[in-house]
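*Asks:* Sequence:
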Amino acid sequence: MIAAEQEILTESTIPMGDLKLEVVVIPVADIERAKEFYRALLGWRLDVDFAFDNGFRMVQLTPPGSATSIQFGTKLTKAAPGSAQNLYLVVSDIVAGRKNLATRGVDVSDVFQPSEPGAQFQPEGARSRGPAPDHMSYRSYATFSDPDGNRWLLQEITTRLAGRVDRNEASYSSVNDLAGALRRAEAAHGEHEKRIGQRDANWPDWYASYMLAEQSGATLPE
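Residues in the sequence shown are numbered from 0 upward in steps of one, following numbering that gives the first Met the number 0.
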């Protein structure tokens, strides 16, 4: 084994600490216009707006319930304004999420399903109108763009793919997400009680198991 291979092998066995994606830089032409769109129209939280004498300016905003923020300003990127495409915004209810945007005055597409793989990434891609049957996770979308043309994908996720989330941990980014998970657990537990023919006094543990399994993509309890 050559030295380079030994070095790669050694590095790959070193435990990796947390690497949290916290900020995405998007290119804009007009800072104030972008700030107005994301803060006033979309209602995203304004974290900072720093300006310095050398012309550097950085604005950071965070979507509700998100652990990741966006930044834009001057001297942040050489990318062309509007070149950030297909940035994901995940919701648990695509119809409600789309309605919220439309009510705020955002020019958002109708809810759709891709009719062929990858169609959601193409502005003129093949689409079927309306959410996926039974709101199948990962299959329902809506799109909108900011004033510069940076394009966002609204995607509905109700159940994560197996392995996507640690099956021993669960977290909910908002009250609405947690409430939705509790409602789904309640409905499933009602079916569980019908199957066993009696009231399940141990429902808190059943709810917890169901919600953990649902979020991690594991097999749901029956």
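Just so you know, the hints here were simulated from the structure itself, not pulled from any lab data.
The structure displayed is predicted, hence computed values, not measured ones.
Check each hint, because a few of them may be wrong.
[Claimed, not checked] Under the rule of at most 27 Å between Cα atoms (straight-line distance), these lysine-lysine pairs were calculated in the DSSO-like manner:
(1) K77 / K98
(2) K74 / K19
(3) K98 / K193
(4) K34 / K77
(5) K19 / K98
(6) K74 / K34
[Claimed, not checked] For each label pair, taking beta carbons as the anchor points, the in silico distance ranges come out as:
(7) L160 / R56: 15 to 21 Å
(8) R103 / V22: 57 to 63 Å
(9) R103 / A178: 20 to 26 Å
(10) E21 / G54: 21 to 27 Å
(11) D52 / L219: 21 to 27 Å
A virtual CB, placed ideally from N, CA and C, is assigned to each residue, including glycine.
*Asks:* Against this structure, judge whether each hint is valid.
*Replies:* Structure-based check of each hint:
1. K77 / K98: violated (34 Å)
2. K74 / K19: With a Cα-Cα distance of about 24 Å, the restraint between K74 and K19 holds, given a limit of 27 Å.
3. K98 / K193: violated (35 Å)
4. K34 / K77: holds (19 Å)
5. K19 / K98: violated (30 Å)
6. K74 / K34: holds (16 Å)
7. L160 / R56: 15 to 21 Å: For R56 against L160, whose Cβ atoms are near 39 Å apart, the range 15 to 21 Å is violated.
8. R103 / V22: 57 to 63 Å: 24 Å Cβ-Cβ, so the 57 to 63 Å window is violated.
9. R103 / A178: 20 to 26 Å: Holds, since R103 and A178 (Cβ atoms, about 21 Å apart) stay within the stated range.
10. E21 / G54: 21 to 27 Å: holds (25 Å)
11. D52 / L219: 21 to 27 Å: violated (58 Å)
Going down the numbered hints, you'll see the structure goes against 1, 3, 5, 7, 8, 11, while the others check out.
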